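Asks: Each chain is listed here by its residues.
There are 2 protein chains.
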Amino acid sequence: MLRVDRMEIIPVLGIGLAKEGDDVAELIMDGVKKSGINLEDGDVVVVAHSLVSKAEGKIVKLDEVTPSHHAIHLAKATGKDPRHVETVLRNAAKILRIGHGVIICETHHGFVCANAGVDASNSGGEAFLITLPDDPDESAHRIRSGLRRLAGVDVAVVITDSWGRPFRKGAVNVAIGCSGINPLLDLRGRKDLYGRVLRSKIICVADQIAAAAGLVMGEADEGTPAAVVKGLQYDKTNIPARTIIREEDEDLFR
Amino acid sequence: MLRVDRMEIIPVLGIGLAKEGDDVAELIMDGVKKSGINLEDGDVVVVAHSLVSKAEGKIVKLDEVTPSHHAIHLAKATGKDPRHVETVLRNAAKILRIGHGVIICETHHGFVCANAGVDASNSGGEAFLITLPDDPDESAHRIRSGLRRLAGVDVAVVITDSWGRPFRKGAVNVAIGCSGINPLLDLRGRKDLYGRVLRSKIICVADQIAAAAGLVMGEADEGTPAAVVKGLQYDKTNIPARTIIREEDEDLFR
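So the sequences go chain by chain: A and B.
The first sequence begins at 15 in the working numbering and counts up by one.
The second sequence begins at 15 in the working numbering and counts up by one.
Treat the hints loosely; a few may be bogus.
Note that identical chains are pooled: a pair holds if it fits in a single copy or bridges any two copies.
Here are the simulated DSSO-like pairs of lysine-lysine, each with C-alpha atoms no more than 27 angstroms apart in a straight line [to be verified]: (1) K205 <-> K33; (2) K33 <-> K250; (3) K48 <-> K244; (4) K183 <-> K108; (5) K33 <-> K48; (6) K183 <-> K47.
Since the hints were made in silico from the structure, they are not lab data.
Treat the numbers as computed from the prediction; the structure is a model and nothing was measured.
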């Protein structure tokens, strides 16, 4: 029989609703214990940005937003609340497309996503919006340090959001921040099954991890804001998720 | 302690190199046995298209391709072999972008991907190219029926390819064919953590499954063309992967 390395993806249950100032590593460790997970060196802890953003106070009260004329105009075009659009504009460095009820933006981080990552779901109710962390790589680094301090383990951390994309329906979980892992695996120079040298193959491991965890995390009422991946072989070089961003001059769709 | 549903992703090892006419379900069952996997009802079997394409004879001999003038012209612009470009053109319904050594095409299936899915990797050597199956959903259906016949199990099958995408570096595994599963999970109408009704959330479960399996499959010399996913809750409605394709008039980037 061949030696098979199984990978396990375990939802972290029992994490309560986060509030500003909460320590995300503590929230995760609380859930890890309740879920009976044995967190070990080399595991990957995947965290939904909503948990991180709430702990970091990245919640916007709609009542406190005064929409600009531009936001009011775009609100008509997209069918959104003008205060929601105003919050999108404040979180966008650039607008790429408008249509079908979404504003495709480049965020201040450089990410290209719908509505600059500003979301009404899981924000805390109709009166609130949730935005992306200011520096998701730094957030991942802090969570990783916290888990080392609290549990004595050296894990990788991947922070995710669920994004739509061109050409294909449905959102998939992607990595917006990471620590303790190289998000990109460069296979160039390695050989294929027949010995041919691969010339152009780079794999976005972090996005595949995010997507895998997305299968057990979910965003609806049964939502689970974290998951633990066990048994994955990955490059532990500490490289930020912002390196996943394709530079504009290498992008055929910007 | 909370009840935690773990998901497992198990690489299917020991699958030999496929050749035209091979029964993919037999190849997979051979690997499943060698890998000591207990294939059960409700498992998802993920298969790299390269295995399927080879069994279906979707291999092109470069020597037998005569490039058109258009192909020769595009070959200069992209630095590719003119016969490779000719094969891309034959597999493309439309060209969307050309640059950075790739030709972004809409395939005859409607998929938008680099080089119409025509690949020199794992094709069998420098003299060959591999193309996508003619109907990956039909291929998935055949593999699923084969596994039912050979092993008496009712599983879902997802056929994958590894694709680049706009805005983000690195390829991720995506679903190009499926059977026994609804590739899209529509959460609209369900409630978020705070009771707010979700208005726009559709998740591409099949792409998340493909990406998850991509973490154990790989395409380099240690490549593993199949994986088994256990413990995943999914909608068993039989809906083809071609429903993932976003219609052109709903696409902001075509």
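Asks: For the identical chains here, do K33 and K48 meet the 27 angstroms Cα criterion within one copy, between copies, both, or neither?
Replies: within (20 angstroms within a copy, 50 angstroms between copies)
Asks: At most 27 angstroms between alpha carbons: which applies to K33 and K250, within, between, both or neither?
Replies: The answer is neither: 31 angstroms in one copy and 37 angstroms across copies each exceed 27 angstroms.
Asks: How would you label the pair K183, K108 (within, between, both, or neither) given a Cα cut-off of 27 angstroms?
Replies: Classified as both: same-chain Cα gap 23 angstroms, cross-chain 19 angstroms, threshold 27 angstroms.
Asks: My question is about K205 and K33: at a cut-off of 27 angstroms on alpha-carbon distance, are they close within one copy, between copies, both, or neither?
Replies: between (49 angstroms within a copy, 20 angstroms between copies)
Asks: State whether the alpha carbon distance between K183 and K47 is at most 27 angstroms within one copy, between copies, both, or neither.
Replies: Answer is neither: 36 angstroms inside a copy and 36 angstroms across each miss the 27 angstroms cutoff.
Asks: Treating 27 angstroms as the Cα threshold, decide for K48 and K244: within, between, both or neither.
Replies: both (18 angstroms within a copy, 23 angstroms between copies)
Hint check: violations occur at hints 2, 6; the rest are consistent with the structure.
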